Amino acid sequence: MADVAGELLRAWADQPAVDHHCHPLRRWPFEMTAVELRGAFTEALDPQMAERHVMHTVAYQDAIRRIAGAVGCEATEAAILARRNAAEPGEYARRLLARTATAFMLVDNGFVTAESFTLPEQEQAIGIRQRQIIRLETVAENLIHDTNDPREWFGAVRAALRADVGRGAVGVKTICAYRATLKLQPVDTDALGVAFSAMRLRAQHGRHPRLSGGALCHALLFEAALECRELDVPLQVHCGFGDPDEDLAETSPLGLRPLFTEPDYRGLRVALLHCYPYHREAAYLCSVFPDVYMDLSLTIPFAGLEGGRAMGEALGLCPTSKLLYASDASRYPEVFLVAAAAHREALANALGELVDLGIMEAGTAANAGRRVLAENARRIYNLKD
Amino acid sequence: MADVAGELLRAWADQPAVDHHCHPLRRWPFEMTAVELRGAFTEALDPQMAERHVMHTVAYQDAIRRIAGAVGCEATEAAILARRNAAEPGEYARRLLARTATAFMLVDNGFVTAESFTLPEQEQAIGIRQRQIIRLETVAENLIHDTNDPREWFGAVRAALRADVGRGAVGVKTICAYRATLKLQPVDTDALGVAFSAMRLRAQHGRHPRLSGGALCHALLFEAALECRELDVPLQVHCGFGDPDEDLAETSPLGLRPLFTEPDYRGLRVALLHCYPYHREAAYLCSVFPDVYMDLSLTIPFAGLEGGRAMGEALGLCPTSKLLYASDASRYPEVFLVAAAAHREALANALGELVDLGIMEAGTAANAGRRVLAENARRIYNLKD
Amino acid sequence: MADVAGELLRAWADQPAVDHHCHPLRRWPFEMTAVELRGAFTEALDPQMAERHVMHTVAYQDAIRRIAGAVGCEATEAAILARRNAAEPGEYARRLLARTATAFMLVDNGFVTAESFTLPEQEQAIGIRQRQIIRLETVAENLIHDTNDPREWFGAVRAALRADVGRGAVGVKTICAYRATLKLQPVDTDALGVAFSAMRLRAQHGRHPRLSGGALCHALLFEAALECRELDVPLQVHCGFGDPDEDLAETSPLGLRPLFTEPDYRGLRVALLHCYPYHREAAYLCSVFPDVYMDLSLTIPFAGLEGGRAMGEALGLCPTSKLLYASDASRYPEVFLVAAAAHREALANALGELVDLGIMEAGTAANAGRRVLAENARRIYNLKD
Numbered sequence: 052m053a054d055v056a057g058e059l060l061r062a063w064a065d066q067p068a069v070d071h072h073c074h075p076l077r078r079w080p081f082e083m084t085a086v087e088l089r090g091a092f093t094e095a096l097d098p099q100m101a102e103r104h105v106m107h108t109v110a111y112q113d114a115i116r117r118i119a120g121a122v123g124c125e126a127t128e129a130a131i132l133a134r135r136n137a138a139e140p141g142e143y144a145r146r147l148l149a150r151t152a153t154a155f156m157l158v159d160n161g162f163v164t165a166e167s168f169t170l171p172e173q174e175q176a177i178g179i180r181q182r183q184i185i186r187l188e189t190v191a192e193n194l195i196h197d198t199n200d201p202r203e204w205f206g207a208v209r210a211a212l213r214a215d216v217g218r219g220a221v222g223v224k225t226i227c228a229y230r231a232t233l234k235l236q237p238v239d240t241d242a243l244g245v246a247f248s249a250m251r252l253r254a255q256h257g258r259h260p261r262l263s264g265g266a267l268c269h270a271l272l273f274e275a276a277l278e279c280r281e282l283d284v285p286l287q288v289h290c291g292f293g294d295p296d297e298d299l300a301e302t303s304p305l306g307l308r309p310l311f312t313e314p315d316y317r318g319l320r321v322a323l324l325h326c327y328p329y330h331r332e333a334a335y336l337c338s339v340f341p342d343v344y345m346d347l348s349l350t351i352p353f354a355g356l357e358g359g360r361a362m363g364e365a366l367g368l369c370p371t372s373k374l375l376y377a378s379d380a381s382r383y384p385e386v387f388l389v390a391a392a393a394h395r396e397a398l399a400n401a402l403g404e405l406v407d408l409g410i411m412e413a414g415t416a417a418n419a420g421r422r423v424l425a426e427n428a429r430r431i432y433n434l435k436d
Numbered sequence: 052m053a054d055v056a057g058e059l060l061r062a063w064a065d066q067p068a069v070d071h072h073c074h075p076l077r078r079w080p081f082e083m084t085a086v087e088l089r090g091a092f093t094e095a096l097d098p099q100m101a102e103r104h105v106m107h108t109v110a111y112q113d114a115i116r117r118i119a120g121a122v123g124c125e126a127t128e129a130a131i132l133a134r135r136n137a138a139e140p141g142e143y144a145r146r147l148l149a150r151t152a153t154a155f156m157l158v159d160n161g162f163v164t165a166e167s168f169t170l171p172e173q174e175q176a177i178g179i180r181q182r183q184i185i186r187l188e189t190v191a192e193n194l195i196h197d198t199n200d201p202r203e204w205f206g207a208v209r210a211a212l213r214a215d216v217g218r219g220a221v222g223v224k225t226i227c228a229y230r231a232t233l234k235l236q237p238v239d240t241d242a243l244g245v246a247f248s249a250m251r252l253r254a255q256h257g258r259h260p261r262l263s264g265g266a267l268c269h270a271l272l273f274e275a276a277l278e279c280r281e282l283d284v285p286l287q288v289h290c291g292f293g294d295p296d297e298d299l300a301e302t303s304p305l306g307l308r309p310l311f312t313e314p315d316y317r318g319l320r321v322a323l324l325h326c327y328p329y330h331r332e333a334a335y336l337c338s339v340f341p342d343v344y345m346d347l348s349l350t351i352p353f354a355g356l357e358g359g360r361a362m363g364e365a366l367g368l369c370p371t372s373k374l375l376y377a378s379d380a381s382r383y384p385e386v387f388l389v390a391a392a393a394h395r396e397a398l399a400n401a402l403g404e405l406v407d408l409g410i411m412e413a414g415t416a417a418n419a420g421r422r423v424l425a426e427n428a429r430r431i432y433n434l435k436d
Numbered sequence: 052m053a054d055v056a057g058e059l060l061r062a063w064a065d066q067p068a069v070d071h072h073c074h075p076l077r078r079w080p081f082e083m084t085a086v087e088l089r090g091a092f093t094e095a096l097d098p099q100m101a102e103r104h105v106m107h108t109v110a111y112q113d114a115i116r117r118i119a120g121a122v123g124c125e126a127t128e129a130a131i132l133a134r135r136n137a138a139e140p141g142e143y144a145r146r147l148l149a150r151t152a153t154a155f156m157l158v159d160n161g162f163v164t165a166e167s168f169t170l171p172e173q174e175q176a177i178g179i180r181q182r183q184i185i186r187l188e189t190v191a192e193n194l195i196h197d198t199n200d201p202r203e204w205f206g207a208v209r210a211a212l213r214a215d216v217g218r219g220a221v222g223v224k225t226i227c228a229y230r231a232t233l234k235l236q237p238v239d240t241d242a243l244g245v246a247f248s249a250m251r252l253r254a255q256h257g258r259h260p261r262l263s264g265g266a267l268c269h270a271l272l273f274e275a276a277l278e279c280r281e282l283d284v285p286l287q288v289h290c291g292f293g294d295p296d297e298d299l300a301e302t303s304p305l306g307l308r309p310l311f312t313e314p315d316y317r318g319l320r321v322a323l324l325h326c327y328p329y330h331r332e333a334a335y336l337c338s339v340f341p342d343v344y345m346d347l348s349l350t351i352p353f354a355g356l357e358g359g360r361a362m363g364e365a366l367g368l369c370p371t372s373k374l375l376y377a378s379d380a381s382r383y384p385e386v387f388l389v390a391a392a393a394h395r396e397a398l399a400n401a402l403g404e405l406v407d408l409g410i411m412e413a414g415t416a417a418n419a420g421r422r423v424l425a426e427n428a429r430r431i432y433n434l435k436d
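Protein chains in written order, with the working numbering: chain A, 52 to 436; chain B, 52 to 436; chain C, 52 to 436.
Looking at chain A on its own, in the form it has when it is part of the complex:
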């Protein structure tokens, strides 16, 4: 760690961060296995990856090192599991999360199970303010059974978004990338009608309707974009890599262009999540469209040293007023810890390089970092202390 980067990290030590995209913690107590720990640092779904390959990734080795440093044990998987499984889980979680210096967690709770904390429980358990990010597709799937056509359905979805925002939700997130290409196509009313009927029929037969395909997902995304614009809340869009349910070739944020150029969406704030390996493309969008924002969550810490490189590459075109911090962590405090530490280091290294080269003064770099860690998110999500 270069000297300048170290100074930046120290300057930010008292800077609480806004984690603008994360997921609920797993309800404790539970006993954590090695496969679970490995599974927490990979996007692979196939258990063979955790069994045979995750331990050979840079991301996992770096995670082990960081967790061991934080809990004060030997830097091995076994030592970490022993330490965490012997600890009082609430105290352990709070200790790790305290090191993330997080003021707000904006939580996408669209994929929760009985073992997830609810947001109020989580706020109570860890003492960090929680705000909901609404998972669009979950809301939409739950409403299909009770509506008769796409128009009714969209109306019900938009009413649900309004209600959730009325109850304190601060944004909407779409996982369209997992269900269709992100190359948005104009709505085809006929195809939409057919796809809706098919999905509704499944719902009426008691099967959970899984939203998928461009006809449904794009039309829904456009409706949600209109509603977010009216509600003055950001729309978060999963872009770039993720688990293998998505086809990475179809997840470039460049496909979202209609949201940035069509007058109907003017003023809509869009936050591009993850982005890798399309982070250069995402940074371009941030550089020409006033209401586009991006983060490098998931990329940091899952992509090893590529996380830091992506940070540097993103700051080529992306203004520091457009970059956001997120952990994309879920379930385990360890992931929040690793994401936060790696993110601050990547940011300090990227900005530190600019100071070293004489392009930025140290004070400017420190302010830029505060913007990324908290101020940009406070502004675009209208967070009040």
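No wet-lab data here; the hints were simulated from the structure.
Warning: the hint list may mix true and false statements.
Each pair may be met inside one copy or between any two copies, as identical chains are not told apart.
As the list claims (entries may be wrong) - The list that follows gives simulated cross-link-like pairs (lysine to any residue, SDA-like), each with its CA atoms no further than 25 Å apart:
#1 Lys234 to Leu252
#2 Lys435 to Asp298
#3 Lys234 to Glu313
#4 Lys234 to Glu128
#5 Lys435 to Ile179
#6 Lys435 to His107
#7 Lys435 to Arg230
#8 Lys234 to Asp296
#9 Lys435 to Leu282
#10 Lys234 to Pro295
#11 Lys234 to Arg429
#12 Lys234 to Ala133
#13 Lys435 to Arg182
#14 Lys234 to Asp97
#15 Lys435 to Arg103
#16 Lys234 to Gly244
#17 Lys234 to Pro309
For clarity, every value in this text was computed on a predicted model and none was experimentally measured.
Go by the hints and put chains B and C onto chain A.
Frame of chain A; chains B and C shown alone:
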């Protein structure tokens, strides 16, 4: 700046450059505003970007530093504006442009207004030799009113290109990327006829015909390619990023493949402009097709440290006999200054790294730089002193 | 070369490598020309590239330096040619190949001429164990004449693959990227029938049938994938850059997704070859699908410093248990030498950086390198000593 890079920069101090792609200066005198200075270092068209975000880009901060260094004032926007607005504009412009060490400016004057210098005026005002690059689409739009079908239109366009080259123009530039995808498609005669008629009708109703869509733009591009080949002048192609009128997803130079593989175009020299984030792809094309060239203009200086990284990445596959220098600057001498300085530094750093690693000798690196700065362009544009 | 990287190189000095993808050597004696030496370090097919541009590439300059170092002559093309043309060719080849520390060469002999060694001749001539990789398209083209429909043809191809594996071949390689897009499409039985008939007709008229187009190539690839899975041998897929017969835009490994997600291919081991500039995408595939592997052959050493950068970028997501070593060399011992040396250095630098940053211990890094150089390939190709 490493020692070797510094030595290279000193070795090139007396090397006049050929700026193979730039735009006219704004006719002085004029009073420059902060928003104009910011607007000169972004591809954004929305004024909100200049108002709220450009000052948070690495490119702008670096530009401020470089301009302040050149004019000898404090490194702030306000100090620069005060200094330049108080100066005698002609003397000020010549002083800044002298620092770019430019022997020839190849000027795309396809997008000029009453406040742009003409080329003879500009040569007179700044004392640097000017050569015209013909903007294909501007020529073609101006000729549509007087032609009756695509064949006549293409004939008129080709005659106009011949006439301009006869009067001293040294190349043709296409902005197809702003009007259609760059994924070139074979000409569809029927679609071409329909699109031509529609555009001609608009022209006959007194509206400016704006060329757009693949049917027209690709057919025109193929005709221009044939004519450039016959005239023995290069065809410049805007690739990669630019202002948001283009869809970045459609601007990869790989889409130009028919120009490189079809026998009709054999011998046509093609210069890929800008390229980012497709510079690795552009470098590949330069490595396998003998008459393909590339530059990193716009990327340097608009993409911050990515400009230097793109230089290093391009030199992975691109021979130094294929890389060209351009500023892509327009309107303000400050942009020419910043582009030239940043470009030489990026080149020195990339070649210096090769010297440091023992792959290139210092003399070889110095020669490679002279090739990029001037000799390659002199050769492919047939420039005579 | 940083200290840690140097230590890693020394640690691997006694580690024989498995070159999991290369081509036959040219039968000696022969006199090598400058154009041949240059042509050995470029993917260009047009002789103008070797005549005018290859000497201006980083790859060639680096190759000259490395060869000169190995044979102990001045670092010029002329000195190298003089030295090698004066040497006893067998002794010369063995000396250069010994420096590659290769235990096994897995040889794709699908593109051989009368001047290529056969595998037994090559093993005899150089004393390195040879194993065959079957070139799918060559086998398939040779069988078309004797079959009456696609089903018969696929049956014959699969029987031939089984027979070759029975005789010791250890894998199958497809050059689908040179003949069709790699964006695999489901088989269209009608289109397949038509394309087969057309190709068979050419064969019956005595012309060599050249397999091309998605209908034939994708259907064949799917059949080969099924057979490889049954035979328990890996399928090698050319991805990313290569000679200009391919359209680079169509060669991303992401297009192979059906091979990774469809249950029919479950357990099939796929080795992505070359990958650049899609190595980040390839690394992603390696990170989520248990049986996907990749290499950076060709990229190293043809892409200059980009080879090392690609190594670092690939190790962002790709586990070290998934990365393979290959030279992709052919014809000349010099290419094997340069590829091997550059590959080890790139690996040492990438892993050394992780050690420097405290993410990996030196011993872990050394083991990771052994995995990449040999162990991963031994495992997935079932190589026995």
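Open item on the list: I'd like to know which numbered hints this structure contradicts. Please list them from smallest to largest.
Closed with: When the structure is compared with the hints, numbers 1, 2, 4, 7, 11, 12 turn out to be violated.
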